[in-house]
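Produce the complete structure using the sequences and hints provided.
Those protein sequence lines, which keep their order, are chains A and B. Quick note: the first sequence uses the UniProt record's numbering, first residue 1, plus one each step. Quick note: the second sequence uses the UniProt record's numbering, first residue 1, plus one each step.
Calculated from the structure, these hints are not laboratory results. Among these hints, one or two may not hold up.
DMTMM-like, lysine to aspartate or glutamate: derived pairs with alpha carbons at most 20 Å apart [to be verified]:
id : chain 1 : residue 1 : chain 2 : residue 2
1  : A       : Lys293    : B       : Asp358
2  : A       : Lys419    : B       : Asp460
3  : A       : Lys392    : A       : Glu102
4  : A       : Lys354    : B       : Glu189
5  : B       : Lys196    : B       : Asp138
6  : A       : Lys419    : B       : Asp459
7  : A       : Lys443    : A       : Glu454
In this text the structure is predicted, and so the values were computed from the model without any measurement.
Number of protein chains: 2
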Amino acid sequence: MSNKQQNILIIGAGLCGSLLALRLGQRGYNVTVYEMRPDLRTTDISAGRSINLAFSDRGNKAMKLVGIEDKVKALCIPMNGRMIHDKEGNTFLSNYSGRDYEYINSISRGELNGLLLTEAEKHDNVTIHFNKKCNSVDFEKTTATFQDYNSKDEFIEDADCIIATDGAGSALRKSYYLSHKFLFSFSQEYLSHGYKELTFLPKEDGGYKTYKNALHIWPRSSFMLIALPNLDGSFTVTLFLSYSEGEYNFNNLTTPEIVTEFFQKEFPDALEIMPNLVDDFFENPTAALGTVKCSPWHYKGNTLLMGDSAHAIVPFYGQGMNASFEDVVEFDKVLDQNLDNWEATFEAYEKNRKKDTDAIADLAIDNFHEMKGHVANPIFQEKRKIEMALEKEFPSAYSSKYSLVTFNEDIGYREAMLKGRAQDKAILNMLTDNIMSSDDDLKDILEKVNVETEAILEDDRIAGLH
Amino acid sequence: MSNKQQNILIIGAGLCGSLLALRLGQRGYNVTVYEMRPDLRTTDISAGRSINLAFSDRGNKAMKLVGIEDKVKALCIPMNGRMIHDKEGNTFLSNYSGRDYEYINSISRGELNGLLLTEAEKHDNVTIHFNKKCNSVDFEKTTATFQDYNSKDEFIEDADCIIATDGAGSALRKSYYLSHKFLFSFSQEYLSHGYKELTFLPKEDGGYKTYKNALHIWPRSSFMLIALPNLDGSFTVTLFLSYSEGEYNFNNLTTPEIVTEFFQKEFPDALEIMPNLVDDFFENPTAALGTVKCSPWHYKGNTLLMGDSAHAIVPFYGQGMNASFEDVVEFDKVLDQNLDNWEATFEAYEKNRKKDTDAIADLAIDNFHEMKGHVANPIFQEKRKIEMALEKEFPSAYSSKYSLVTFNEDIGYREAMLKGRAQDKAILNMLTDNIMSSDDDLKDILEKVNVETEAILEDDRIAGLH
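Next comes the structure, spelled out in structure tokens:
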């Protein structure tokens, strides 16, 4: 799209929408953004819902694209690995990579979103309106209806094209679904588990009550607790637990006594540093964990879904924000192709991108099971040990599935998934069949893993599995 | 549920609803059924939409359960295999099984549905109302709102429980989805292909214009034509074709000339026996092909989805009706357990059943690709040849995936899928790697296939893939 005088309307100024506004502003488009919430830079908005997030290489690639890598870095707390806590309070640090320079970061959603808004607004051709909720989109007319939170007035806006970055509950996606004007494939899948956010408060001197540079996990097989550090010395703690199954679940954790008993039994070392547990537990909401997929993302050249509105995922790979930021990078690449019109642009973008967002959605669900259970399973631990050693010894020749997904931003999620799953299967099977052991020579191990991985991929190709 | 004085309301008197009414009537419940269409035994209803269907062992198991196996047999036309037609009009018969007594049947939807209605109505405790459309279900109050087609009056019915067998567009499922009262996982996935029904008329003497006892296929890789026989000498012919892709598609087949050109080029031997092609093509609708999955199927003990309303699938495994009939068999088994209440009954039924209906949904999509392409692929043909020989030589020791799914009604769809896919992978890989050939001794082949299949299943289990 070489005509830069186009008016683009963006619905939603969350992480994806504000980054998109910034990038399209840089490219010279006239960009208008409507956000339903107040400006988070000047208003304190609701706590208890994903206060911090994991930020890694795919997200950083987008920050490089818009030139704010250094500003974002200042907001980051590196997490080098998973710190696993057992029931006796013993801890064990499992690095995310055998390469020292590969780690993920904890970042404040609010701070990062605020930075993106400020950067976007530096462009005269970008305007952001707050407190304006989108109620519906007429995708045939390329208009959207908004309501002002204060005046309650409804108004209609039109544009050359509308991009909805309005999250998992997207108004545009709902308009696609309810219209029955074209075949719209759609899925929403909930896990049987929900989540609740809690807190480790900072020490009185502002320090951290537990090790700062890790993502802490208390894996308990059918449920888990995790904690990510914040810059102010606190940790945001999240309990993932079934709504209705097991001895303790969200439906039966109804009194301070039973909540305390549950934590005393399962997470004693965490309980020790969270005197505020009961207050947090009953003040903060319990939220659902869902995956949304759909297709098509666009209606002709009029409207497009991007970010969570097109592909909401569960948080267990720490890739939700990174995937949405990568959407903007991929969309930007298609814009570089200068296709004839928005329809060709949207079509090329979805064709290239959807396979990868489908893959990260599936990987995130896999990782739910890995995090709550497998990290404590001996054979998975032995696999992990081998992979760390391979990455350390052969940094340019081997990357685990986690590394392919998280630190290899030039490989798509789908390719990372196929290769990573085949590697996992190769290693687990060779360990089980005693064809290989973690005591073997590392060079032999690498050779065996590569040969077996390629054989698995080839067998699947012949059987037409991918 | 031992209290037989319960009032059960069934929404929809299609194949599943009428069988369910019959079975629950036999068990002594008070059953009331509401159907939106007129009584198909006395009214000629719309043609052009799945006039005949594939009926096989899982469906027959249900007919045995209700004691009407012989009456149904009289409506069946055996189809022993696929008759494949190439572009030059050459044909090749590929049997469905190496065992002579394993075949599928073509059956008239209307005749079978009529039989089930008549059998159900023989029970004084079963009442069926026609021309009453369900508009919505209040699953908290266990009431449903209906509208009479003639008087247009709306009325509300209540019951001890409501079972919705109202098909892919289910009113109850819509009420679940729109209520937001519980977490409802839901997916609708459309294929890029649609379908249109056409006809080979009978010969003037009432005979069949092509071989009667086969399911005819014209596989053309990205599209296909199929034909199933009817008792009156006609065949119902179905074209499966992309809406928008390829040289010819539903969007561009807009004139008699281009439709005739397409058939002349791709299906010349079919065109020869369908002088009525152009009329059928422009009179009959083009319909979409979709898969629906959802969960939960029930709300407490109040309401339950069954049949297509819970799991609509694409037609390529010929299992849509058979799966819905099997639902009734499985539900009947749970009733035999005499659980405490409807909630426990519905929960046990879904827990046992959903894994199998998910599996047949996925298998049906696999078979779409197999039917339009693989049946014409040399390595798939060699696999098929080997499997037919194994089934013939070792009738009790080997069953192909098709046979496990179609003729082994005591194995669940999920188990059939896992074993069948592993067998396919084993054979295709050993053929490609020249570890095995169709000229080998059959006993050696069986041994190799069994060992490799078990190794594949075991590798997947270790890797946590199922």
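For each hint, the structure was consulted:
no.	hint	in the structure
1	Lys293(A) with Asp358(B)	17 Å, holds
2	Lys419(A) with Asp460(B)	15 Å, holds
3	Lys392(A) with Glu102(A)	11 Å, holds
4	Lys354(A) with Glu189(B)	15 Å, holds
5	Lys196(B) with Asp138(B)	36 Å, violated
6	Lys419(A) with Asp459(B)	16 Å, holds
7	Lys443(A) with Glu454(A)	17 Å, holds
Violation of the numbered hints given earlier is confined to hint 5; every other hint is satisfied by the structure.
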